[in-house]
Amino acid sequence: MVRSSKTRKLAKALKSPKAAFSLAVIALLLLAAAFAPLIAPFDPNRQDLMLAMTPPQLAGPHFLGTDHVGRDMMSRIIYGSRVSLLIAVAVVLFSGVVGVTLGVVSGYYGGRVDSIVQKFLEVVWAFPPLLLAISIVAFLGQGLGILIVALASQRWIPYCRLARAEALSLREREFVSAARSLGAGDARILRTHILPNLIQSALIVATFAMATAIIAESSLSFLGLGVPATTPTWGGMLSDARAYISTSWWMALFPGLCIFCTVLAINLLGDVLRTHLDPRLNRA
Amino acid sequence: MLGYTLRRVAGTIPVLFMVSLLIFALVQFAPGDPVDMLVSDEATEEVRLAIRSAWGLDQPVYVQYLTFLKNAVMGDFGQSFRYREPVMQLILERLPASLELAIYSTLLAVAIGLPLGVWAASRPNSLVDTVGSIGGFFGISLPNFWLGILLILLFAGTFNLLPSGGRETWGLNVERVTGFLTIDAIIAGRWDALWDALRHLALPVVVLGTNMTGIIMQITRASVLENLQEDYVMTARAKGMSGRVVLWRHAFRNALIAVITIIGLEFGTLISGAIIVETVFAWPGIGYLLLQGISFRDFPLITGLVLVYTTLFVLINLAIDMIYTIVDPRIRMG
Numbered sequence: 002m003v004r005s006s007k008t009r010k011l012a013k014a015l016k017s018p019k020a021a022f023s024l025a026v027i028a029l030l031l032l033a034a035a036f037a038p039l040i041a042p043f044d045p046n047r048q049d050l051m052l053a054m055t056p057p058q059l060a061g062p063h064f065l066g067t068d069h070v071g072r073d074m075m076s077r078i079i080y081g082s083r084v085s086l087l088i089a090v091a092v093v094l095f096s097g098v099v100g101v102t103l104g105v106v107s108g109y110y111g112g113r114v115d116s117i118v119q120k121f122l123e124v125v126w127a128f129p130p131l132l133l134a135i136s137i138v139a140f141l142g143q144g145l146g147i148l149i150v151a152l153a154s155q156r157w158i159p160y161c162r163l164a165r166a167e168a169l170s171l172r173e174r175e176f177v178s179a180a181r182s183l184g185a186g187d188a189r190i191l192r193t194h195i196l197p198n199l200i201q202s203a204l205i206v207a208t209f210a211m212a213t214a215i216i217a218e219s220s221l222s223f224l225g226l227g228v229p230a231t232t233p234t235w236g237g238m239l240s241d242a243r244a245y246i247s248t249s250w251w252m253a254l255f256p257g258l259c260i261f262c263t264v265l266a267i268n269l270l271g272d273v274l275r276t277h278l279d280p281r282l283n284r285a
Numbered sequence: 146m147l148g149y150t151l152r153r154v155a156g157t158i159p160v161l162f163m164v165s166l167l168i169f170a171l172v173q174f175a176p177g178d179p180v181d182m183l184v185s186d187e188a189t190e191e192v193r194l195a196i197r198s199a200w201g202l203d204q205p206v207y208v209q210y211l212t213f214l215k216n217a218v219m220g221d222f223g224q225s226f227r228y229r230e231p232v233m234q235l236i237l238e239r240l241p242a243s244l245e246l247a248i249y250s251t252l253l254a255v256a257i258g259l260p261l262g263v264w265a266a267s268r269p270n271s272l273v274d275t276v277g278s279i280g281g282f283f284g285i286s287l288p289n290f291w292l293g294i295l296l297i298l299l300f301a302g303t304f305n306l307l308p309s310g311g312r313e314t315w316g317l318n319v320e321r322v323t324g325f326l327t328i329d330a331i332i333a334g335r336w337d338a339l340w341d342a343l344r345h346l347a348l349p350v351v352v353l354g355t356n357m358t359g360i361i362m363q364i365t366r367a368s369v370l371e372n373l374q375e376d377y378v379m380t381a382r383a384k385g386m387s388g389r390v391v392l393w394r395h396a397f398r399n400a401l402i403a404v405i406t407i408i409g410l411e412f413g414t415l416i417s418g419a420i421i422v423e424t425v426f427a428w429p430g431i432g433y434l435l436l437q438g439i440s441f442r443d444f445p446l447i448t449g450l451v452l453v454y455t456t457l458f459v460l461i462n463l464a465i466d467m468i469y470t471i472v473d474p475r476i477r478m479g
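Chains as they are written, first to last, in our numbering: chain A, 2 to 285; chain B, 146 to 479.
Here are a few chain A residues that face chain B, going by a calculated C-beta distance under 7 Å:
no.	residue
1	E123
2	L131
3	S136
4	G142
5	I216
6	I246
7	S247
8	W250
What the simulated footprint calls covered on chain B by chain A, stretch by stretch (three residues with Cβ under 8 Å from a Cβ of chain A suffice, anywhere in the stretch; the number is not a length):
no.	stretch
9	172-179
10	273-287
11	293-307
12	416-422
13	451-461
Hints listed in this document are in silico derivations from the structure and should not be mistaken for laboratory results. Think of the CB as a built atom: it goes at the ideal place given N, C-alpha and C, for glycine as much as any other residue.
The following block holds chain B by itself, in its conformation from the complex (with noise of 0.2 Å):
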């Protein structure tokens, strides 16, 4: 098992050294001068001269990588732009949000999707597996950009229900400890800038969770149908189970592989349902500030946030399939 993780964690090095370079080199395509981005128009060739210097810019392209790479590898994406601030320091006071964000959605997808999956499952062609499948269609045929405005319409608008973006409100001061303020609001026991907490989290987290919820619905169904059919639960039917014990002991444990995967799988299409959502609700997670790094053509920031991006997407892959051998010893013999 040791070795195994091992040679696992070992594979993901080539590919990220290769995203690297691909970055780099998109980089290097873009059209216009970097120096532009730094200087005023007025500013005189000596300026421009020393700016290239001191930036970096006057190596050979070789160089540039070397150094961008050796610096990368420490956790260092150079000055932001615009910013004039550590790009990773940037990201690190924004990722908190993010990833409080995603991890909602995520359970929310799963706390519904999954019993809906099963439910659907054990009454095949019923009115529940019905309603289930179409609602599953429309959940990945909504755009999330689109649902986030119209429940802010409904929400924030017609009802007043909801605030219509935002983490917070301004001024509640709660200490920050760990940067999910669900979390932070409970060790300081402000039960006021938790419910405030949830408020601003309710939209949002519908939104990034609706196509997932719909995905992780039809793969359950899917999966738990065809383990259904399978020899061993016809075994397990014959020997007096009760059809619970049998869909959920058996059936239900053994499509869980497939429900793992899908969920690894999907948490790419979160990473970049995550980008348009926080902009829908000017939520400050890293999607919002790649938008704005976009807007200000602040290379360094974009470089720096679609490589932390990236590296986390296959960080979470690699564990998935850890999970996996865990869940079913056969993988890890094939």
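Okay, chain A solo, but in the shape it has when bound (with noise of 0.2 Å):
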């Protein structure tokens, strides 16, 4: 009965006009991501230099113009947004899965486990936000495996605070000392008891980690310390569009308006969960 009432406020909730607009563009963007081949109109790395930064052109085909090797604007961009989707998505389900684990064991063992876990938690945490994972691509080279690690070094720890707070009050609580009683074992009142509390509170989490993720990954490819080069990425267009900002305005413009919708769209979303999920802020 109560999740009913729940699910009904969230239906409605998402229909606001922030929502709609965050769902509208998030939409959008897993289209293009998942259908890139057959929507972008070239091939996004095919040079032609005579091309060479064609502005935009109403009438097409390169309705976003070229950049300085002639390629298509509109298909990198296309192309981008699954670099983009893809890595987000995975750094905030790794450090998902790390953080809740990590703050559960934590939460709910206690004694040393917990003290060793929190002492870590501390150390990553004493580094400014990217430094971490800045040092760690600079040290360990560039590739995707490891851009996903660094991006994810300090995004665990949120979950992880989350996560242990969690446990530790739950561990005490009526329903999971009877089901202690009952003879369930550890993991079966974590899988049953625990982790289903903490879906909510985390999914908020896992939403403004996404906006914060895809913000560091292109800020790491505009540094030019993202995914390998060959591969277009919206901080890579960036990047390059760095050097002709004089003379090709949409170089600049594009690529850039993407990240910003996009992280606008998934921070208003994060919001609107919040409010309607977190009943502790609800207060206010």
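Using the hints, put the two standalone chains together into the complex.
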């Protein structure tokens, strides 16, 4: 009963203009990423120096213009959405699994395990954001796997704190003691009683983590520390645009606009979810 | 209070120690031989061995770490591979440029975000509040390197009003005292140099401050609103205090704690933002130095910079904690 009224409330919240905008942008992005080869008018890496730096053409074929080596901007942006989404989703999932696992174990078992995890967390948290990611890429080299680890290196912490607090408070609750006295093992208690209680809050953390992951990935690509330069990325396109800023504004405008709209949409969605799923915030 | 302060300062030492260990481990896992970065490809095996022992690379790993740690504590991060100068000296030369940028950006963010947040909270759901809240979301969603490029395009390109990068026009020759160009210009009484420094600061400061302005605004609004619903505010109103006095003397003062926390937390974002903004504007600070170090695989330089950044970050957070206990004595008790 409770669940269905909650679902209805959420469904209503998702119809607000704020949520409608963000869901539309996210849907568009998912479509672009999934069907990139079908939608993109050109091969994103095909160079044609004769066409270099063509301004946007309203009548096509290069709707958003071309870059300094004549590659079609629109096709590169469409393919770029794949990298941004793939990395952001991978980073959020990876840090979520690591953070929730460490947090639940830390809070549920307590004692020495807890103090080791908390010490580790404190050390990783001591780095300014992005600096640890930059150091990991700088020392270990560039590649998709290293990039995902680098971007997740601090993002697991909010999940860990949340999961630990939740596990600590649930550990002593009656239904957990009851389950234990009925002979349920730790694994069963964690799976059926503690994890389900975490999902909503973890979802909110994940939404905001996704927004920062997209900005961080494009920042690293912009600095030349992202995925190898042969893959089109929004950040990498902006990095190319810097040298041609005075002559080709479109090279800088469109990829940045994509990052901005994507991040804005995800942040707005996170805000809607937070307002409607987190009862602690509803009092205000 | 003194005991509390000392305990907190002592608490940062093991953290910084572990940070140094983590960075050292990363360097050890780095692919390739550091000697390759020091000698030419044609170097003989003898030369390579000589270099190896000169840089202490032939020692066991734990000896290398202890030497590194001992030197780092003394502020010696060794020689830069590329510049062949002490890393610490390179950092100190460029630190004022970064600090100047960070300080002006923070001031700008506080000067705009704080009043806007209070204003929005005093009229919840009004037009000001709605516009402010949308602006706040824009602020946190704008990638700063894109904003930087767009502002360069507009103000340095199209309108040709401001310089597109760098920190000063070459040849002004103002005597360096503090390393902060605006202050040095005032000391020397050189108004042309002050104007020049401010013109160079304008775009990077706006770019670096935007994100923080949005966040300060949102936090100020939320915490002032929360305080306005407390019982003591009702009491103050019942006593006949005006809305303005209640807002500023009661709700705002109590909301300040949350705002101070966020300024401290955002300092970290400011550091990482500065690395990007310095790169966009070719600002000769330590962020730009870090990127140059990375492109030359200058490991001593990168290590030194990461340690300096992290130490600064830890110390700022410590300072923020200390400020709390002055603003809100309940924290010290708890």
